[in-house]
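S.K.: Top to bottom, those sequences are chains D and G. All residue numbers in the first sequence are consecutive under this note's numbering, ending with 218. All residue numbers in the second sequence are consecutive under this note's numbering, ending with 221.
Treat the hints with caution; some may be incorrect.
[To be verified] Here are some chain D residues the structure puts well away from chain G; computed CB gaps all over 10 angstroms:
(1) Leu87
(2) Pro107
(3) Leu132
(4) Phe200
(5) Val212
[Said to hold, decoys possible] Quick look at which bits of chain D chain G covers, simulated, 3 or more residues with Cβ under 8 angstroms:
(6) 90 to 96
(7) 140 to 150
No wet-lab data here; the hints were simulated from the structure. Glycine residues also receive a C-beta, built at the ideal position from the N, C-alpha and C atoms.
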Amino acid sequence: MTNLKRWLQRPLQPVPLKVAIILLVIALLGFADASYLTIEHYRGVIPPCSVVSGCETVLTSTYSKVLGIPVSLLGVVFYLVLLVGVFAYIDTKKTFLLKWTLALTFFGFIGTLWFLYLQAFVLHSFCVYCLGSAATSTLLFMGAIWVFSKYTVTDTLAA
Amino acid sequence: MNTKRIIFWVCFAIILILIVWGLIVAMGKPVTQTGISGTAPEVTAVDHVAGATSTSVSTLIEYSDFQCPACKSYYPLVEKLMSEASTTVRLVYRHYPLPQHQNALLAARASEAASLQGKFWDMYRLLFENQETWDELSDTSARNVFSGYAEQLSLDLTRYAADLDSAAVKSRISADQDAAQAIGVNSTPTFFVNGKAVVTPSTYDQFKALVTASATTSTP
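For reference, chain D alone in the conformation it holds in the complex (with noise of 0.2 angstroms):
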């Protein structure tokens, strides 16, 4: 949390270029799971229940809404506001849009963990999709605090 709070008073340094597509590949493998969940919740639509997965029990939990809004839908949000921004940092390579965007991904995990302590838990039951998302975002803050130790600016190198 004191590295969080240190790395986000100090500049970044610029990221190269592939270590950006890596995490816009993520955000996208991620918003495609999230849009797939949303798009299901719209048309009403409702897996069917198998032997081997929960996935119905988790979709059509009370834990699935926040105010009425699908968590699904906030998924969307989430990792479109992530694949903007990087892409943004990509077009204009202003590193403070980077650092802003990458410091969202301690929400996602946030969110990520309360989910995974709900399906085993609470709702003892697990859904694929969820899981995948859970490892997107998982991803994308390990992808956040390796770029932030890596090319936060130091006092050496400030100096």
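With chain D fixed as given, assemble chain G onto it according to the hints.
M.R.: Frame of chain D, contents of chain G only:
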């Protein structure tokens, strides 16, 4: 903003739109049933049958679970179909309570206990129509709710309570489930039309077309 950057952003937006559009198109197609390796067992005297009484009509067999949200979402479609095509389609309900649904087996037993007093389809409707009221209850509370339904249906409650936990009722449900597992049914609802597994339709029109098309082609 120069032209190159505009193209850059337009391409980005097009990729996102294509992803969403591709998903919408792909998801509009009916879900394919996988893993089913045989035909549904023949309809027998112990089956729960509604609709047409003749054996020469189209037979729709549903493997279902009273606590399954997807089965509940198909319930109004099945009801509508049976109200519109009750002379040309016969519906057969078979049990497939899934282990992740804590009250599904108890609900199936409640329907069988009601069946022994001639009220299977009434209990079937009450269970689906009120699924949200009992799906997350404890075993004891669910029993109380189901007893309430039995009372509502004017069942002999003493007999109902005894049948609910009887070995005969439990084995009746296991028999449905074992037969389904033997042919590879692994999800609910799974529909068979004239013995053959069909893709789960997305809309009522698809559903009706699927069943009634078979009705016109089924052999006596």
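S.K.: Hints numbered earlier in the text: which of these fail when held up against the supplied structure?
M.R.: 1, 2
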